[in-house]
Amino acid sequence: MEIKILGAGCAKCKALEKLTRDVVERNGIQATITKIDDYAEIMKYHVMTTPALVVNDRVEIKGRVPSGEEIRQIFLKYQEA
Amino acid sequence: MNFVSRSNRNLILPLVLLPVWFLIYHFLKPVTDWFVDDILGMTAGTHLTETLRFFIFEVPKVLLLLTLIIFLVGIVRSFFSPEKTRKALEGKSLFTGNVMASMLGIVTPFCSCSAIPLFLGFVEAGIPIGVTFSFLIASPMINEVAVVLLFGMFGWKTAAIYVLSGLVIAITAGWIIGKLNLRHWVQDWVYEAQLGNQDSDDEKMKFADRIQYGYNAVREIVGKVWIYVVIGIAVGAGAHGYVPQDFMASLMGRSAWYSVPLSVIIGVPLYSNAAGIIPIVSVLIEKGASLGTALAFMMAVIGLSLPEMIILKKVLKLPFILTFAGIMAVGIMLVGFLFNAIM
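Residue numbers (the working numbering), protein chains in the order written: chain R, 4 to 84; chain Z, 29 to 371.
The following block holds chain Z by itself, in its conformation from the complex (with noise of 0.2 Å):
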């Protein structure tokens, strides 16, 4: 009786449900609106009211676009793969190394748990260390999940800016790396380990699997993280009506010069993910803080985290991992004074 099979109702279900996405995102403003001055009668303008209709209005729009954007990037990333990437990688000198690295790294589909083979499978194949560095850079940083929230929250500059920015610090911290030839802060049986070369049988995949990736991708990743976005919206939505305006405007202003390393110190052992960071931020900014001093933070706490660096001792010595934090910290910080600056 299954008239319709997998693979066909896979290619279908977007169909329908993509003009849906559409009225629903077009049509959430007013209803919002409706819903809070006419159903609910409360007074316009006051802190309880602006507080609901900004959650209300908030939550549904990031979930929306956070379902949408991440379905895509699924079916983008079921392209890719860390043995085609490394394939790409093999015999590039080292500058265009570096840039293909970083931006194969926002494309490539991997979890941080997977950083040791995949840093192990890049040096057997004679891929440089700074070029390696670049891929393991670029991949937590430009997380789709955070170029989602900062787009929905502060439009499409502020999430190019983030995109460049990362690219940017992903290329120069690689190439940084390759160029002091850190080989010998490499733990040494990453280099005795004979490995021979790996037999690439990548599965063909039809197009209606790559939608089936979408889809897993959904809910995999909005599965974990909306609980994140529903709290730091409604924290958010807290700051957003009784929070006085220029509350953080000393501490994280841009008059402040010292906010940018105390933000980048405050950022590195503090684990989030993006999910939960970027509704603070916006409170940060709308709040009086400068938009260097909130990204160098968010750059911080999404793109350096201490259990990853702990996780690298396997592979790593540990002069070799302070240089690395040494130089993101750094990189990170000329970002936010960068922008600090030209803002």
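Chain R with its partners taken away, still in its complex shape (with noise of 0.2 Å):
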């Protein structure tokens, strides 16, 4: 699984990349974390709210921080697939 975290700077994303990293360890998930602070590359994505969650090149999350239940919720999806 490929997880990035867009967003630059922000407390917001800052709080987000610790969560994940957070529920990546604590459910022993299979995953690469990026956090990518540069612009033309979030743009990529097309959000405009940071912070955003990417998995696999989706975007599941974007403008908010949610809780780590929702984020376990998101991963759990893409282990079955």
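Hint data in this document are derived by calculation from the structure and do not stem from the laboratory. Any given hint could be a false lead.
Cut-off 16 Å, straight-line C-alpha distance, at most; resulting in silico cross-link-like pairs (EDC-like, lysine to aspartate or glutamate) [what the hints assert, rightly or not]:
(1) R:K15 / Z:E248
(2) Z:K342 / R:D60
(3) Z:K342 / R:D25
(4) R:K7 / R:D40
(5) Z:K342 / R:D40
(6) Z:K232 / R:E63
(7) R:K47 / R:D60
(8) R:K17 / R:D40
(9) Z:K341 / R:E63
(10) R:K7 / R:D25
(11) R:K7 / R:E20
(12) R:K47 / Z:E220
(13) Z:K315 / Z:E248
(14) R:K47 / Z:E152
(15) R:K7 / R:D41
(16) Z:K252 / Z:E152
(17) R:K38 / R:D25
Two chains, two frames, some hints: make the complex.
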């Protein structure tokens, strides 16, 4: 699973990155996590509100920090597929 | 054993809490007086008593107002998104676009850290830069916390004046930026980055989800600003009782014409949120500052922030940012002079 966190510098972006790493670690999910803060790169995902959570190049969350449980559910969906 | 589902609970809870809210709000004044005069047994009229009374009454009052309004605004905002706003603004002519963008700026949820992706997203959709700016100006300036606090501490007229002048500034400043045609001062890469159009995948929301959105807004915003409200009112309460009545009159009064530009110059580098600045502004006014000067100061602090300008550097060249800051400063000063003249 390839996870990307989109967002430059804001507090919420850091919060989402930390939360994502926590969830991945605690559930033993096999994944690479990349933080993307280059705006040109961010815009390729067509998001206008950061932070955003991208899994396998699909935008799953944008503009907010979800709960850890919500993130876990998203990851489970990809693990089953 | 979970008889009441989460979505039902979301619908029922506001119905229970709303009457409680009104009861507390209604009896706040008599309860405060009873507490200060009878329980603490303080002598009415002394500096200390009135300072304490002001504090005990204002803090819960402002927090109650804040919670209710933020909750309602949260529900309203769940009907809007940057994607929908962008769609609504596509292909609008300059002036109409500026008016719509300014109004949508008030209701579209977005945090200041999203200013750059929003700017890029709007430009990509072919929305004129002037219209985009109307949106980006209105959104932080006319924020819900500012409006609630103005309403709570000065009444609805001042709140309305603030919203209207904010709208006029956002519309005009955006329109002027559009007319100036500053495209060559946008960083080159912005137009080079070719981005396809976005598929709008709007989530379908049930009403219970929208109420949840309201709760989240309260938790996020009130949870963040309450401490500024308490500190701001504490400072206000102290000054209320102890600072002489016309202390600010010579410095920020109506007769001192230079007070408006001075307030703007002091206000721009100051970066604070509405919650912290308004209780202090209320003291300035009480101690003789004129409304226009106080409004200008407030708008400069809330609507124009140095960190935001620095972030804009990523997409705009320096002359553009300076032009933008100049137009905003002039606009805010005009509002200040206008209200000093007519109020």
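Verification of the hints:
no. : hint            : result
1   : R:K15 / Z:E248  : holds (11 Å)
2   : Z:K342 / R:D60  : violated (25 Å)
3   : Z:K342 / R:D25  : violated (31 Å)
4   : R:K7 / R:D40    : holds (10 Å)
5   : Z:K342 / R:D40  : holds (12 Å)
6   : Z:K232 / R:E63  : holds (15 Å)
7   : R:K47 / R:D60   : holds (10 Å)
8   : R:K17 / R:D40   : holds (11 Å)
9   : Z:K341 / R:E63  : violated (29 Å)
10  : R:K7 / R:D25    : holds (14 Å)
11  : R:K7 / R:E20    : holds (9 Å)
12  : R:K47 / Z:E220  : holds (13 Å)
13  : Z:K315 / Z:E248 : violated (33 Å)
14  : R:K47 / Z:E152  : holds (11 Å)
15  : R:K7 / R:D41    : holds (12 Å)
16  : Z:K252 / Z:E152 : violated (33 Å)
17  : R:K38 / R:D25   : holds (14 Å)
Hints 2, 3, 9, 13 and 16, counting from the list given before, are not met by this structure.
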